[in-house]
Each structure stands twice: as C-alpha cells, then as structure tokens.
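**Q** Sequences are here, hints too, so could you generate the full structure?
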Amino acid sequence: MSGLSILSARGDPANRVVTGNEIDKDLDLVGDVCVIGSGAGGAVLAAELAQAGRTVVMLEEGGHHTKRDFDMQEGNMIPLLYQDRGGRATADQSCLILQGRCIGGTTVVNYTTCFRTPDATLAHWKSRWGVEGLDPAVLAPAWEKVEARLGIEAIRLEQVNKNNRVLWDGCEKLGWEKSLLSRNVRNCRHSGYCGMGCAFDAKQAMHVTYVLDALEAGAKVYANARVDQIEREGNRITAVYATILDPRTDKPTGRTIRVKSKLTALCGGAVNNPKLLFKSKITDGPLGKKTWFHPLAISVAEMPYRVEAFYGAPQSVASHQFGNRGAGKMSYFIECAPTHPTLTSIGAPGIGDEHRKRMEQLPFLSAMYAHFIDGFADEEQGATVTLTAAGNPKVVYHYTDAFWEAVTHAQKNLARIQLASGAKRVMTLHTDPVTIESEADLDRIDRAPLGPNKILLATAHLMGGCRMGADPKEAVVRSDLRHHQVENLYIVDGSVFPTGLGVNPSLTIYGLATHAAKNIAAAAG
Amino acid sequence: MVALPAEALAFFSPREYAIFHAVAETVIHTGKGPTIDQVGVTLRADRFLARVDEDAQRDFHRLLALFDNALAGLFLCGTTAPFTQMSPEARHAFLQKWQRHRLGVIRTGFDALKRLAASSYYGDPSTHGALGYPGPPEKDPE
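Chains V and Y, in that order, give the protein sequences.
Start counting the first sequence at 2; every next residue gets the next number (the working numbering).
Start counting the second sequence at -8; every next residue gets the next number (the working numbering).
Note that these hints are calculated values from the structure, not bench results.
This one's a predicted model, so the numbers in the text were calculated from it and none came from an experiment.
For each residue, glycine too, the CB sits at the ideal point set by N, CA and C.
Take the hints with a grain of salt, since some may be wrong.
[Said to hold, decoys possible] Derived DSS-like pairs (lysine-lysine); straight-line CA-CA distance at most 27 Å:
id, chain 1, residue 1, chain 2, residue 2
1, Y, K88, V, K455
2, V, K68, V, K146
3, V, K252, V, K395
4, V, K425, Y, K23
5, V, K174, V, K163
6, V, K358, V, K395
7, V, K358, V, K425
8, V, K290, V, K455
9, V, K179, V, K330
10, V, K425, V, K179
11, Y, K23, V, K358
12, V, K474, V, K282
13, V, K358, Y, K88
14, V, K263, V, K474
15, V, K163, Y, K130
16, V, K395, V, K127
17, V, K252, V, K282
18, V, K68, Y, K130
[Unchecked claim] Distance windows between CB atoms, simulated:
id, chain 1, residue 1, chain 2, residue 2, range
19, V, R448, Y, L94, 16 to 24 Å
20, V, R445, Y, V(-7), 38 to 46 Å
21, Y, L65, V, K358, 55 to 63 Å
22, Y, G120, V, K519, 51 to 59 Å
23, Y, E129, V, Q486, 50 to 58 Å
24, Y, G22, V, R426, 19 to 27 Å
25, Y, L(-5), V, D247, 22 to 30 Å
26, Y, E80, V, E406, 50 to 58 Å
27, Y, E129, V, K358, 25 to 33 Å
28, Y, N60, V, G134, 53 to 61 Å
29, V, N188, Y, G120, 24 to 32 Å
30, Y, G95, V, R307, 33 to 41 Å
**A** And the structure:
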C-alpha cells in the first residue's frame, strides 16, 4: 500500500464520485463507516450517516453512469448496468435474476414502484422471527422522509399506459382489487425506458438523489471498486479491501483501496452479500439460506390494437386480489411488464419461425406477471446462495409443490384479466405455450408440464439470505441490523428481510436504511 | 465451415464460433429484418462471453463441446451427426429435443444458447424496425 488519503472536509461542493480510471495509486482510507454498495440501502445509509456528521467511504463495484450514458438501447444498457452483464440467473438458468450493478444499484434500472411494507409482513417478522422495533408507527417517519426526498406519489389514471390499462380494466370488469401505483419520479416523461436508466433524470434513483446527498455531506464515493475481502479479527472487522476495476474492461487495474473504519455496512444485496461474507470466511448463522425472489411468471396477450407496452410508465397498476390465499397456498400479486425487444426475445417461446412470429406481434402484445410471495411457509427454502471454487456466487432456487400450484392458479387469473380486457388470445410462457381464447380454454393450463426450465421465470426482487431475527442460530443480523456475532458489522438492504415482502421492495429498503441509520450513526460516534 | 470475422475472437475458438453460428441460424429467423451475419450475432456473443466470469465461461465452453459432439448427440437425442453437419431441419429438431429433454441440465443448456442468440440479435437496433418497434424518444439536448 502506498499513499494516504485524508477525507475531505464535509460540505465540499466539488466532492464527486471517483471512478476506477482516476485511481493511479493504492489508497489507504480511514473513516467512521465503510459502506459497501450504493443501491437502495447503501446510498440512503451513506447520506444519512454523512449528514449526521460521520465520515463515510462508499465502495461500489459497478461503474458510475448518468443520463449522458443512457442511450435507451437494451443492447448497450443491459451489459452496462446489470449484474453479470444481464446474464445473472440461477445455476440451472431456470430463473433470470435482474439486478443493477452501478452507482445507484438496482434503483437505476427498476420500474419505480414504491410500497410501504405491509403491516401483515411486519407482524409476521415479529411473531415468527422475533424482529423487534419495526412496527408501522415506528417506521412511518422514515417512510415520510424518503417519500418527500424521492417525490413518491401515486400516478393518475389518465397517465396509465395501454399495457397497464389492460390490468386496470380487466380487474374492473372482474370486480377484483386494483390500485394505482406510487412511483419515485419527478416530471416523468413516460418514455418507458426506466429499465435502461432514466435518460431524463425523472426517476429519483439513488445516483441523482441520495448519492449526491452523501457527497454533499462529505462522503467519499468510489465506483469500480469491487470489495473482495472483509478482514475479521475475533468479533470485529478490521479492514475492507477493494480491487479497482478498469471502467472500460471491468478488469483489475492493479490498484487497491483499503478502508479502516469503526463500522462496516454491507449493502450489496441478497446475492453479493453472502458471496462477500463467504469469501471473507464470515459464515456465522444461516448465511445465504432462505433467499427470497418473488419469482414471477408471465402471461402475454395479443390485443386487437397497438398496445406499445414499451412506451409509458412500465408499472402503474397492481392487483393484490390474490395477495392472501390462506394457509398452505402461495399468494401472489400482479403487475405489468414492458416489452422492449431484447427481453421479449428471451421470453418469447420457441425457436425459428415460431419465435419470429411472436416477435413480429410486439406492438400488439400486453404483458403482465404474477409475483409469488415466497417465505411465509416454514418448509420453504427459497434460494440458497453459495460460493463456487472460483469465488463466484452460485444461486439455486428450491421450487415447491405449493409454488407450482400457485403458478397454474396465477396463469389462469392473468389470462382472465387479459380476456376481460378484450384480448384476442392469451399465451403462457411454458416451453409449449398454452394458448387461451376463452374461459373454456383455461383448463389446458392444468395440463402444461411444469418444472425448472419448462416455463420462463424471473426475479427482480432479491431479498433474504442475511435475514434479521432474534435467534443467532436462525438469523444473521439482529433487528437493529447489526451482525449477531461481529459487533461492528451491519447489513442494510433487502437481504435482511426474513421473508418476501408481498410488495415491491425498494421503499422498504429506503425506509429501513433511514430508520437504521440513527442507531448506526450513534454506534459510529 | 462458416467464415470467421475479420476481428480477432475474444472467447470462441474457430470451431466454437461455427457451432454458435449454427445455433443462432436455427434460433433466429429474421423475417424482413437484417440477417444474423449483417448484425454480427456470433461476434456479439463472443464479445459478451469474453466479459462474463470464469465459471460462466468454463460452462459455455463445455456446453458447446457437448452440443456438437456426435456421441453425446447419439446418447442424448438419438442423432448421429454433429450439429454443425446437420441439415437446417435436423438442427431445428435437435434444438427442440434439447428444449424438451427429460434431463434438466440439457434444458439448462438450451436456455443458455437460445437466450444468448436471441439477445445478441434483438439487442441490435437494426433489427427493431422490422418488428414495428419505433425505438426510444429523442434525448434532450445537452
């Protein structure tokens, strides 16, 4: 190691994200808190801590990209902004994993849907996992603060695009529950390109909000800084080691950063947190187990008009009609998906002529999916994250009979919504897709073969694997998000959720980070 | 043997390039859109794979070797020729057997091949017009 960088004074207006190409010597940094990851958890935590007067170093393995870089082309943006260049999936490829990898993390590429954590989910965490202090009334001030900072408010019905209108109108005709979604946007252009980085800075993603707040309050933020090891001595973290990556090639430049801090906060998400802890041999508790996906299954409708589901806010309507199916059944909630060509081509069934025929229907297609709410049955294992010999994460999802039952149940109800909204025909994404033109066809879904790689599944909601709870044998962190065994290590992101949420997770992560920051700031004082 | 691109390959061997090119020809029917060679699908896949992690790279090398191995084809699908030497119709049938195979690991291989071929083609904006996809709006002037 050579060189010693002293943290700048707080409030430096010139403070900005430092990228890997700018680092021409090894850096030895000190601070109160080292934050690993810059997504929904890390960015909010870093800003809150810096504003509370703590010196913060934030390390992000992905690059720093802004609206100047966002060209709204999937072929360029997916490799640039997503984990594994967009190729992240379970080991058997049965479930695609969509997760951001850049300054701002998944918030740069998500669809902006914001829900507060359902009361029932918080109550379950308390009764089953012994989570204390996360009652709705306690969390309310944190959510109010985040909602004000990120401009979170409900979309108006007249702003809903044709794709989401299929869900709204279908539920209306069926008499099913539906709601207009709250989104973290300001002056949204409704371009439809949320998943490729907002080229208009309308989306209030972390790189244009809390990361800037953190910088303004003096935090030092490094992009292209991949943390490879957290050094532990006894029950304390003594240092964090990062490898600097070349922004153009993503290969190590040979430069490193070492951070020595009072506290370390791990905010890399449900796949990367276990990966780093396993690599660092910090394997206490049920690390990497019971990781939750809200795995989703898709239904595609051919409408008699141009839906252009690639334009407009990608998600603006949800239905929680089947959000509580009762004990023994897996519940689910329903939302919509945009249909840009690349992701559509991955999901479209068949090969050759069959595949092409479906692709040429693109402007007429409406797509919606069911998110299955995993984690509420004790026998469920969800996904398990382990480490390969080469040090990469290996993710295996353990599908249950209850899951497959719910898939069939949901495919029928998605089709009902689409038919009620006037679909000419509906298609599932089984290997041999089931085509439905009327209620009488729905029974065919019962006969479609199910299993891994027999139907398209995906996740954009990574949760669990470092869950919080009272019992160190059953949980990795305590209710205040401090590691059970390592006293100066905190985990602050969706990986601490004991279950899936039952709603999109971003606002829960923002709120939890805001809430936890008070205690973490005090511990770092 | 398919012609290699002028640019140096970053991941595929020449044989692997030919195998994946044959896969892409079978997966992607281009309609009125540009051909897979006009898009440079196999080279795009080569560039993508050159930057994934070493586990994924090792698995993809193994997958391509298995896919074009005549003995494996006989054992897994009852075919006798390597994939690259099959007729277009036989290639289509062979890929469909992989897609519906009773062994999960073979279906996994199919998914990996199809997704890479499809995303390498449809990730190129030159393919979008033929789909009726107008593309993104103009960005604001800086």
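**Q** Hint by hint, say whether it matches the structure.
**A** A quick look at each hint next to the structure:
no.	hint	result
1	Y:K88 x V:K455	holds, 13 Å
2	V:K68 x V:K146	holds, 25 Å
3	V:K252 x V:K395	holds, 21 Å
4	V:K425 x Y:K23	holds, 25 Å
5	V:K174 x V:K163	holds, 16 Å
6	V:K358 x V:K395	violated, 35 Å
7	V:K358 x V:K425	holds, 16 Å
8	V:K290 x V:K455	holds, 25 Å
9	V:K179 x V:K330	holds, 21 Å
10	V:K425 x V:K179	holds, 23 Å
11	Y:K23 x V:K358	holds, 12 Å
12	V:K474 x V:K282	holds, 17 Å
13	V:K358 x Y:K88	holds, 21 Å
14	V:K263 x V:K474	holds, 26 Å
15	V:K163 x Y:K130	holds, 23 Å
16	V:K395 x V:K127	violated, 30 Å
17	V:K252 x V:K282	holds, 24 Å
18	V:K68 x Y:K130	holds, 9 Å
19	V:R448 x Y:L94: 16 to 24 Å	holds, 22 Å
20	V:R445 x Y:V(-7): 38 to 46 Å	holds, 41 Å
21	Y:L65 x V:K358: 55 to 63 Å	violated, 32 Å
22	Y:G120 x V:K519: 51 to 59 Å	holds, 54 Å
23	Y:E129 x V:Q486: 50 to 58 Å	holds, 54 Å
24	Y:G22 x V:R426: 19 to 27 Å	holds, 21 Å
25	Y:L(-5) x V:D247: 22 to 30 Å	holds, 27 Å
26	Y:E80 x V:E406: 50 to 58 Å	violated, 38 Å
27	Y:E129 x V:K358: 25 to 33 Å	holds, 31 Å
28	Y:N60 x V:G134: 53 to 61 Å	holds, 59 Å
29	V:N188 x Y:G120: 24 to 32 Å	holds, 30 Å
30	Y:G95 x V:R307: 33 to 41 Å	holds, 39 Å
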